[in-house]
Amino acid sequence: MKALIPSCLVLFSLLFAYNSSAQTPSSSCPRDQSFALIQFSNSFSVQCSDISPCSILKAKTASWKKGTDCCLWDGVKCDTETGNVIGLHLSCSCLKQHPLPPPPPPSARPFQQ
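Take any residue in the sequence shown, count from 1 to its spot, add 820: that is its number in this note's numbering.
Keep in mind that a hint or two might mislead.
Label-pair ranges, simulated between beta-carbon atoms [said to hold, decoys possible]:
1. Lys878 x Pro926: 38 to 48 Å
2. Lys878 x Pro925: 32 to 42 Å
3. Ser847 x Ser883: 31 to 41 Å
4. Pro850 x Ser911: 19 to 29 Å
List of simulated lysine-lysine pairs, BS3-like, C-alpha gap at most 25 Å [said to hold, decoys possible]:
5. Lys878 x Lys916
6. Lys916 x Lys897
7. Lys885 x Lys897
8. Lys897 x Lys878
9. Lys916 x Lys886
10. Lys916 x Lys885
11. Lys886 x Lys897
Everything labelled a hint here was simulated from the structure, so no lab data went into it.
We put the beta carbon where it would ideally sit given N, CA and C, even for glycine.
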(Lines of atoms letter the chains of each structure in order from A and count residues from 1; the text may use other names and numbers.)
(Lines give C-alpha, C1' and ligand atoms only; values in the text may rest on other atoms or scores of the structure.)
Protein backbone atom coordinates (compact mmCIF):
# COMPACT_ATOMS: atom_id res chain seq x y z
CA MET A 1 0.00 0.00 0.00
CA LYS A 2 2.83 2.43 0.87
CA ALA A 3 4.45 1.77 -2.52
CA LEU A 4 1.21 2.74 -4.25
CA ILE A 5 1.05 6.23 -2.70
CA PRO A 6 4.12 7.68 -4.52
CA SER A 7 2.83 6.25 -7.81
CA CYS A 8 -0.56 7.86 -7.26
CA LEU A 9 1.07 11.18 -6.40
CA VAL A 10 3.13 11.11 -9.61
CA LEU A 11 0.07 10.22 -11.67
CA PHE A 12 -1.99 12.97 -10.02
CA SER A 13 0.79 15.51 -10.64
CA LEU A 14 1.01 14.57 -14.31
CA LEU A 15 -2.76 14.78 -14.77
CA PHE A 16 -2.87 18.15 -13.03
CA ALA A 17 -0.02 19.52 -15.17
CA TYR A 18 -1.68 18.27 -18.37
CA ASN A 19 -5.07 19.70 -17.40
CA SER A 20 -3.56 23.08 -16.53
CA SER A 21 -1.63 23.31 -19.79
CA ALA A 22 -4.67 22.25 -21.82
CA GLN A 23 -6.73 25.16 -20.54
CA THR A 24 -4.14 27.94 -20.46
CA PRO A 25 -2.69 29.30 -23.69
CA SER A 26 1.09 29.03 -23.94
CA SER A 27 1.24 32.60 -25.27
CA SER A 28 -0.83 35.64 -24.48
CA CYS A 29 -3.26 37.13 -26.95
CA PRO A 30 -1.85 39.56 -29.53
CA ARG A 31 -2.22 43.25 -28.66
CA ASP A 32 -4.20 44.01 -31.81
CA GLN A 33 -6.79 41.38 -30.85
CA SER A 34 -6.98 42.70 -27.30
CA PHE A 35 -7.45 46.24 -28.65
CA ALA A 36 -10.16 45.06 -31.07
CA LEU A 37 -12.04 43.34 -28.24
CA ILE A 38 -11.88 46.49 -26.10
CA GLN A 39 -13.26 48.51 -29.02
CA PHE A 40 -15.97 45.88 -29.53
CA SER A 41 -16.98 46.01 -25.87
CA ASN A 42 -17.10 49.82 -25.99
CA SER A 43 -19.84 49.55 -28.62
CA PHE A 44 -22.17 48.00 -26.01
CA SER A 45 -23.62 48.99 -22.68
CA VAL A 46 -24.57 46.59 -19.91
CA GLN A 47 -28.31 46.64 -19.20
CA CYS A 48 -30.04 43.79 -17.40
CA SER A 49 -33.70 43.90 -16.58
CA ASP A 50 -34.76 42.86 -13.10
CA ILE A 51 -36.73 39.94 -14.53
CA SER A 52 -33.83 38.62 -16.59
CA PRO A 53 -32.39 35.32 -15.32
CA CYS A 54 -28.99 36.88 -15.99
CA SER A 55 -29.58 39.93 -13.77
CA ILE A 56 -27.63 38.42 -10.87
CA LEU A 57 -24.56 37.85 -13.05
CA LYS A 58 -22.02 40.47 -14.00
CA ALA A 59 -21.27 41.14 -17.64
CA LYS A 60 -18.41 39.04 -18.92
CA THR A 61 -16.91 42.18 -20.43
CA ALA A 62 -16.36 43.56 -16.90
CA SER A 63 -13.12 41.56 -16.78
CA TRP A 64 -11.88 43.04 -20.07
CA LYS A 65 -9.16 45.48 -19.01
CA LYS A 66 -6.58 47.18 -21.20
CA GLY A 67 -3.08 45.89 -20.53
CA THR A 68 -4.20 42.42 -19.40
CA ASP A 69 -4.07 39.15 -21.33
CA CYS A 70 -7.37 38.82 -23.19
CA CYS A 71 -7.04 35.02 -23.10
CA LEU A 72 -7.77 35.30 -19.38
CA TRP A 73 -10.90 37.44 -19.85
CA ASP A 74 -14.36 35.99 -19.15
CA GLY A 75 -16.07 34.83 -22.32
CA VAL A 76 -12.93 34.85 -24.49
CA LYS A 77 -11.57 31.58 -25.85
CA CYS A 78 -8.03 31.47 -27.22
CA ASP A 79 -6.02 28.93 -29.17
CA THR A 80 -3.74 27.21 -26.66
CA GLU A 81 -0.79 27.18 -29.07
CA THR A 82 -0.88 30.67 -30.60
CA GLY A 83 -2.89 32.71 -28.12
CA ASN A 84 -5.14 33.94 -30.95
CA VAL A 85 -8.77 34.58 -30.04
CA ILE A 86 -10.92 31.82 -31.54
CA GLY A 87 -14.27 32.39 -29.86
CA LEU A 88 -16.47 34.62 -27.76
CA HIS A 89 -19.10 33.34 -25.34
CA LEU A 90 -21.10 36.36 -24.21
CA SER A 91 -24.44 34.84 -23.24
CA CYS A 92 -25.93 36.31 -20.07
CA SER A 93 -23.79 39.44 -20.34
CA CYS A 94 -26.79 41.80 -20.68
CA LEU A 95 -25.12 43.62 -23.56
CA LYS A 96 -27.11 46.21 -25.45
CA GLN A 97 -25.74 47.85 -28.57
CA HIS A 98 -25.44 51.62 -28.49
CA PRO A 99 -27.76 53.28 -31.00
CA LEU A 100 -26.19 53.86 -34.39
CA PRO A 101 -25.74 57.48 -35.44
CA PRO A 102 -28.29 58.75 -37.97
CA PRO A 103 -27.26 58.67 -41.63
CA PRO A 104 -25.89 61.90 -43.08
CA PRO A 105 -28.45 64.25 -44.66
CA PRO A 106 -28.96 63.93 -48.42
CA SER A 107 -27.02 67.14 -49.04
CA ALA A 108 -23.92 65.57 -47.47
CA ARG A 109 -24.06 62.45 -49.63
CA PRO A 110 -22.23 62.28 -52.96
CA PHE A 111 -24.41 62.88 -56.01
CA GLN A 112 -26.08 59.64 -57.12
CA GLN A 113 -27.56 59.12 -60.58
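Each hint, compared with the structure:
no.	hint	verdict
1	Lys878 x Pro926: 38 to 48 Å	holds, 44 Å
2	Lys878 x Pro925: 32 to 42 Å	holds, 41 Å
3	Ser847 x Ser883: 31 to 41 Å	violated, 19 Å
4	Pro850 x Ser911: 19 to 29 Å	holds, 25 Å
5	Lys878 x Lys916	holds, 14 Å
6	Lys916 x Lys897	holds, 21 Å
7	Lys885 x Lys897	holds, 16 Å
8	Lys897 x Lys878	holds, 18 Å
9	Lys916 x Lys886	holds, 21 Å
10	Lys916 x Lys885	holds, 19 Å
11	Lys886 x Lys897	holds, 17 Å
Of the numbered hints given earlier, the model fails hint 3 alone.
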